[in-house]
Amino acid sequence: MKKLYFLLFVTFAGCNYPKDPHHSFEKAKENRLRVGAIVNPPFVTREDGSIGGSEIKIIKDFAKGENLKLKIEEGSESDLVEKLEKYEVDIIAGGFDKKSIWKKKAGLTTPYDKKHVFFIPKGENRLLQQLESFILEKVDKP
Amino acid sequence: MRSIKDYHLPKELEDDLRSAKKIEWITVIYLISVVVVMYLVMGSSQAMKSAWLEDVLGLVPSVAFLISTHINSKAPNDRFRYGYHRVFSISFLIGAAALLGMGIFMIYDSSMSLIKTEHPTIGNRIIFGERIWMGWVMIVALIYSSVPSMILGFKKLPKAKTLHNKVLYTDAKAQKADYMTAFAAIVGIIGVGGGWWWADSVAALFISISVLKDGINYVSTAVTDLMDRSPVTLKEEKEVPLINEIKDLVLSWDWVKDANVRFREDGQVFMGEIAVVPKTTVDTEKLEEAYEKIYDYSWKISDVVIGPVKKLPKW
Chain A
1 MKKLYFLLFV TFAGCNYPKD PHHSFEKAKE NRLRVGAIVN PPFVTREDGS IGGSEIKIIK
61 DFAKGENLKL KIEEGSESDL VEKLEKYEVD IIAGGFDKKS IWKKKAGLTT PYDKKHVFFI
121 PKGENRLLQQ LESFILEKVD KP
Chain B
1 MRSIKDYHLP KELEDDLRSA KKIEWITVIY LISVVVVMYL VMGSSQAMKS AWLEDVLGLV
61 PSVAFLISTH INSKAPNDRF RYGYHRVFSI SFLIGAAALL GMGIFMIYDS SMSLIKTEHP
121 TIGNRIIFGE RIWMGWVMIV ALIYSSVPSM ILGFKKLPKA KTLHNKVLYT DAKAQKADYM
181 TAFAAIVGII GVGGGWWWAD SVAALFISIS VLKDGINYVS TAVTDLMDRS PVTLKEEKEV
241 PLINEIKDLV LSWDWVKDAN VRFREDGQVF MGEIAVVPKT TVDTEKLEEA YEKIYDYSWK
301 ISDVVIGPVK KLPKW
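These protein sequence lines are chains A and B, in that order. Positions 1 to 142 (the UniProt record's numbering) are the ones given, in order, by the first sequence. Positions 1 to 315 (the UniProt record's numbering) are the ones given, in order, by the second sequence.
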């Protein structure tokens, strides 16, 4: 079984695997990473017109590590989730709980602090893997 | 005179039954572990969900077999004068109905996720300090759910045939076919990783169709058994040769002018009647001898009535 696992790993690890059905991550590399932000202190804050907060910091660090340009857009939960479903934003930050009611409409990342998650478009597994790699390996666990 | 109360399986079949029971216990424990493992890794994959449901259902025939062999081991009594053989047919029907219902649900569920174009999201976890895509973990779980299943299925099949036990047979066949399910689900997950979100639901749909097909087959077999159809073989569902052999045996006796037989399946044994037209008057000594000969001819005959008649009934 280990052999098979290894074989599969070798076969697929080389190319970009898993892939995004809608190429969210590739597009983010080409253009920029579109982030939806819902103000919810301390995760997402707005002070003097600029968006900040602990979750925005995580995303900024992630974008920096991946060499991505950022475009942060503020909005309401329902508007942003709708945009997410149409692949018009790539990530939503807003201090969401891992048991969020949006689970049916959005893809959830692994929690960065055992409780809170980001949203990504459902099924965009490449983007998810990049972001989760960052969350799992780089974000300091409290 | 020997009767249904004296009935017991021949020694070598007792051994088969005992080892079948042992394998079924192993199956139950193994399947529970599979159900737990699959549940933990299934995530939002539709194919995994279908494969998981199939594994949960896989418990039904095993448990049904264990319960019904236990009940069937009781001797006939004043309340159940024909014994407890039919418990097999009943548990077979229950298992088959569960399979059928689940098949319908699974087809609905996986078609809906196709129609709603649901994209399965498969994340990552840290396992032993390494970040790993859960798709790989799912595939390993699927292999765990299929290979031992296949082996158990192959072990049960010959025992089911010698015991003529339908519950055991269904179970063995379903387990043998388990690798198909796992394979479909693996293809689905690899497809999802390749960026084809629909691969998962299509795989799930395939699994569901196979479950539904089995369900329909087994329900119809179970119902026709309970309807007292003439005994048929497990695999080809052809008439059991034993019935004609019994008729030939009766006809070969010198005091018998003509005879007709009628049998039905009661779980793993047959029960029925034999009508004979004697050449002269009925000799109870000969009749007694006839019972012995028939019971000695095959262990499968658990209860028989020999009725001397003037003219054969139209069976």
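Worth flagging that the hints you see were computed from the coordinates, not collected in a lab. Treat the hints with caution; some may be incorrect.
To be verified - Derived DEER-like restraints, expressed as beta-carbon distance ranges:
{"#": "1", "chain 1": "A", "residue 1": "N31", "chain 2": "B", "residue 2": "I26", "range": "35 to 41 Å"}
{"#": "2", "chain 1": "A", "residue 1": "E26", "chain 2": "B", "residue 2": "L40", "range": "54 to 60 Å"}
{"#": "3", "chain 1": "A", "residue 1": "N31", "chain 2": "B", "residue 2": "I132", "range": "45 to 51 Å"}
{"#": "4", "chain 1": "A", "residue 1": "E82", "chain 2": "B", "residue 2": "V28", "range": "19 to 25 Å"}
Said to hold, decoys possible - Here are the simulated lysine-lysine pairs, DSBU-like style, with alpha carbons at most 30 Å apart:
{"#": "5", "chain 1": "B", "residue 1": "K116", "chain 2": "A", "residue 2": "K86"}
{"#": "6", "chain 1": "B", "residue 1": "K161", "chain 2": "A", "residue 2": "K115"}
{"#": "7", "chain 1": "A", "residue 1": "K27", "chain 2": "B", "residue 2": "K11"}
{"#": "8", "chain 1": "A", "residue 1": "K69", "chain 2": "A", "residue 2": "K103"}
{"#": "9", "chain 1": "B", "residue 1": "K116", "chain 2": "A", "residue 2": "K99"}
{"#": "10", "chain 1": "B", "residue 1": "K116", "chain 2": "A", "residue 2": "K98"}
{"#": "11", "chain 1": "A", "residue 1": "K104", "chain 2": "B", "residue 2": "K311"}
{"#": "12", "chain 1": "B", "residue 1": "K11", "chain 2": "A", "residue 2": "K105"}
{"#": "13", "chain 1": "A", "residue 1": "K19", "chain 2": "B", "residue 2": "K116"}
{"#": "14", "chain 1": "B", "residue 1": "K314", "chain 2": "A", "residue 2": "K83"}
A virtual CB, placed ideally from N, CA and C, is assigned to each residue, including glycine.
Here is how each hint holds up against the structure:
no.: 1; hint: A:N31 / B:I26: 35 to 41 Å; result: violated, 57 Å
no.: 2; hint: A:E26 / B:L40: 54 to 60 Å; result: violated, 32 Å
no.: 3; hint: A:N31 / B:I132: 45 to 51 Å; result: violated, 30 Å
no.: 4; hint: A:E82 / B:V28: 19 to 25 Å; result: violated, 47 Å
no.: 5; hint: B:K116 / A:K86; result: holds, 14 Å
no.: 6; hint: B:K161 / A:K115; result: violated, 54 Å
no.: 7; hint: A:K27 / B:K11; result: violated, 72 Å
no.: 8; hint: A:K69 / A:K103; result: holds, 27 Å
no.: 9; hint: B:K116 / A:K99; result: holds, 22 Å
no.: 10; hint: B:K116 / A:K98; result: holds, 23 Å
no.: 11; hint: A:K104 / B:K311; result: violated, 73 Å
no.: 12; hint: B:K11 / A:K105; result: violated, 62 Å
no.: 13; hint: A:K19 / B:K116; result: holds, 20 Å
no.: 14; hint: B:K314 / A:K83; result: violated, 76 Å
The structure shown violates the earlier hints numbered 1, 2, 3, 4, 6, 7, 11, 12, 14.
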